[in-house]
Amino acid sequence: MLEIKNLHATVGGKEILKGINLTVNAGEVHAIMGPNGSGKSTLSYVISGKDGYEVTEGQILYNGIDLTEMEPEIRAAEGVFLAFQYPVEIPGVPNVTFLKEAVNAVRRHRGEEELDAMQFVKMIKAKTEELGIAKDMLKRAVNVGFSGGEKKRNEILQMAVLNPKLAVLDETDSGLDIDALKIVSDGVNQLRSDERAILVITHYQRLLDHIVPDFVHVLAHGKIQRSGGKELALELEEKGYAQYGIAAE
Amino acid sequence: MSGKAQTIEKVREFTDEKYKYGFVTDIETESAPKGLSEDIVRFISAKKNEPEWLLESRLKAYRHWLTMPEPEWQKPNFPPINYQDSYYYSAPKSVGDGPQSLDEVDPEILKTYEKLGIPLFEQERLSGIPIAVDAVFDSVSVATTFKAKLEESGVIFCPISEAIQRCPELVKKYMGSVVPYTDNKHACLNSAVFTDGSFVYIPKGVKCPMELSTYFRINAENTGQFERTLIIAEEGSYVSYLEGCTAPMRDENQLHAAIVELITMDDAEIKYSTVQNWYPGDAEGKGGIYNFVTKRGLCKGKNSKISWTQVETGSAITWKYPSCILQGDNSVGEFYSIAITNNHQQADTGTKMIHLGKNTTSRIISKGISAGKSDQMYRGLVRMGPKAVGARNYTQCDSLLVGDQCGAHTVPYIETKNKSAVVEHEATTSKINEEQLFYLRQRGIPTEAAIALVVNGFCREVLQQLPMEFAVEAQKLVGISLEGSVG
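Residue numbers (my numbering), protein chains in the order written: chain A, 1 to 249; chain B, 1 to 487.
These are computed hints drawn from the structure, not numbers from a lab.
Yeah, the Cβ is synthetic: ideal placement off N, Cα and C, and Gly gets one too.
Be a bit skeptical, because a hint or two may be false.
What the hints assert, rightly or not - Under the rule of at most 27 angstroms between Cα atoms (straight-line distance), these lysine-lysine pairs were calculated in the DSS-like manner:
{"id": "1", "chain 1": "B", "residue 1": "Lys431", "chain 2": "A", "residue 2": "Lys139"}
{"id": "2", "chain 1": "A", "residue 1": "Lys50", "chain 2": "B", "residue 2": "Lys373"}
{"id": "3", "chain 1": "A", "residue 1": "Lys139", "chain 2": "B", "residue 2": "Lys476"}
Claimed, not checked - Computed, partial: chain B to chain A, Cβ under 10 angstroms:
{"id": "4", "residue": "Ala427"}
{"id": "5", "residue": "Phe438"}
{"id": "6", "residue": "Arg443"}
{"id": "7", "residue": "Gly444"}
{"id": "8", "residue": "Leu453"}
Given only the sequences and the hints, what does the whole structure look like? Please build it.
Quick look at the structure:
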């Protein structure tokens, strides 16, 4: 599903990614671990197409199509989803309005009939119940006044509603206490499926106790230094990133 | 071509088509000779069969106008207006002398309003609340709907030219009582050459059974529109009134200088909403309407209330300050405003809240959105008079910048002549947030729709003040007005 080949990317003229190779198949969950400044978030922004993150070499193939020149909204409509490390507040826009706009934009792109208000409400109601999300979260302005846990849960709700093929979770555990972490992880686990690839980006191993990956990759100095199974995460937890030339924090 | 450049290109193609009201109705018109003189004033007055007192009042205004210098304190820049290069009266020939029934209205005009989405037939709306419409086409009112039904409850809703014939005593008593002809240069010109507009009278204790609206359309070339609206709400009455405005796309600037006067007696309330979408000029700033309007309400009675809501998206230049004079004790003035400027549009708008009576309160919520190369000014006066004991004002003024070539300015004037008055002013200026846009786009929402969503959120507090059907229109208009603002 996702095939990253020799990916180089710069931010503000500075090279951050220096030749990443990564293949993620449908049904797999991959974890990318790395210290601060290793290029983890840059990778998630490059995949999703944020302005200012420039690919200078290499390819990001998604179902065989190169994403690198595609507008972010097209990537999203094609099924690429990024759960943000810091979900953005949008004052005055009810969550439900935003979700409807997003769902219908994606449906339009796919040549599907837009959902009317009734159909949408029915769908959103089912999704919030599945994920155990309080209904009042739909009426509130997008992420405004949300606690850290609520913001992350809102990301998972959006993911459930948009039903992506490739989901990138950027530091989903940051800012969560242990209870919130469990709720959010349960949400992600519910969304694991044979048709979906998930890329979990994290600094700490603890998230991977809850979302158990099939593969773990260590990212440092803009390159994947090592790949392995889930046991690699445990090793990292024990030994730290020092072996990759990064001083302990 | 990069993805971004492509988007910009696409947007540009689209922008020139975006003003969908820019068409011209091909119709025979009768105009006054070009230019402005006492003869023209007399011509207009004669066309309307006006009584002598009104002609005299027009001439007095005209003579005073000649002595008034052009104002120079405003922020917008524009070349001097050549008043002799305009027509001051233009009417579809078919309209004849008096008001007509709907069946007699020229089919071309009916078609025009149909195209504009304004129903000139008496149909129940989906919401169940009918809206009565007065349609003003250039210098004359061409149709007014639901007149008979309204009159059952004693409400008078008619063109002001008709009101002058039907209830001259009311017009004589109140016209010019809130905005005197000496007020400012453009109001003075209006007092001399006003042509049509709406008149509303709500009798004591009556809650107007439907929304009233006037739809202003400028069609003829080189023609100024000088409308005059007068709304009187007697004791304990209530009315909600809406106005909408559009004009064809033309290369020259056209002057629109209106006067709106509102008067509320004890316990009465007027809610006045405007969606102004005059032609804004093209992307290079050529053409467009000069919207120089004087709107003022007098809360004459105690416990009365006047609420202005405006969505200003059109016009090359918008220059207006819908205001409230809070004379009655405990009276309330409100001003809710959204002003959106794009391309080369300029706006200098705000309000004046003049507190005269005891315990009067006012609330100002202004949302300005500047995009493209446009420039915007919020200018507001809050004055607490010596007898306005316990008066309060709250002002909130937020500006949002889209892109880096536009401007937003806030100039509040606060004058307090008594110690018990409380005035609060809050202001913010921010740029549209790239993080917000990326977040929305990452969810599949295209850039322009994302901007529209963020801006609608920014304006929400004001949009909520609009009657339901207008709010939906206005939300769409917010999106349309900002098209081409990216890049």
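Tested hints:
A C-alpha spacing of about 25 angstroms is found between Lys431 (chain B) and Lys139 (chain A), which places the hinted pair at or below 27 angstroms, so the restraint holds. Restraint check: the Cα-Cα separation between Lys50 (chain A) and Lys373 (chain B) comes to about 26 angstroms, which is no more than 27 angstroms; the hinted pair holds. Annotation: proposed proximity of Lys139 (chain A) to Lys476 (chain B) holds, straight-line Cα distance about 21 angstroms (limit 27 angstroms). Annotation: Ala427 (chain B) was flagged as interfacial toward chain A, and the flag is violated, the nearest CB pair being 16 angstroms apart, outside 10 angstroms.
Checking Phe438 (chain B) against chain A by beta carbon gives a least distance of about 5 angstroms; that is within 10 angstroms, so the hint holds. Interface restraint check for Arg443 (chain B): the shortest CB-CB distance to chain A comes to about 4 angstroms, inside 10 angstroms, so the restraint holds. Taking 10 angstroms as the C-beta cut-off, the interface hint given for Gly444 (chain B) holds, the closest approach to chain A being about 4 angstroms. Because the beta carbon of Leu453 (chain B) sits about 6 angstroms from the nearest beta carbon in chain A, less than 10 angstroms, this interface hint is met.
Checked against the numbered hints above, the structure breaks only hint 4 and satisfies the rest.
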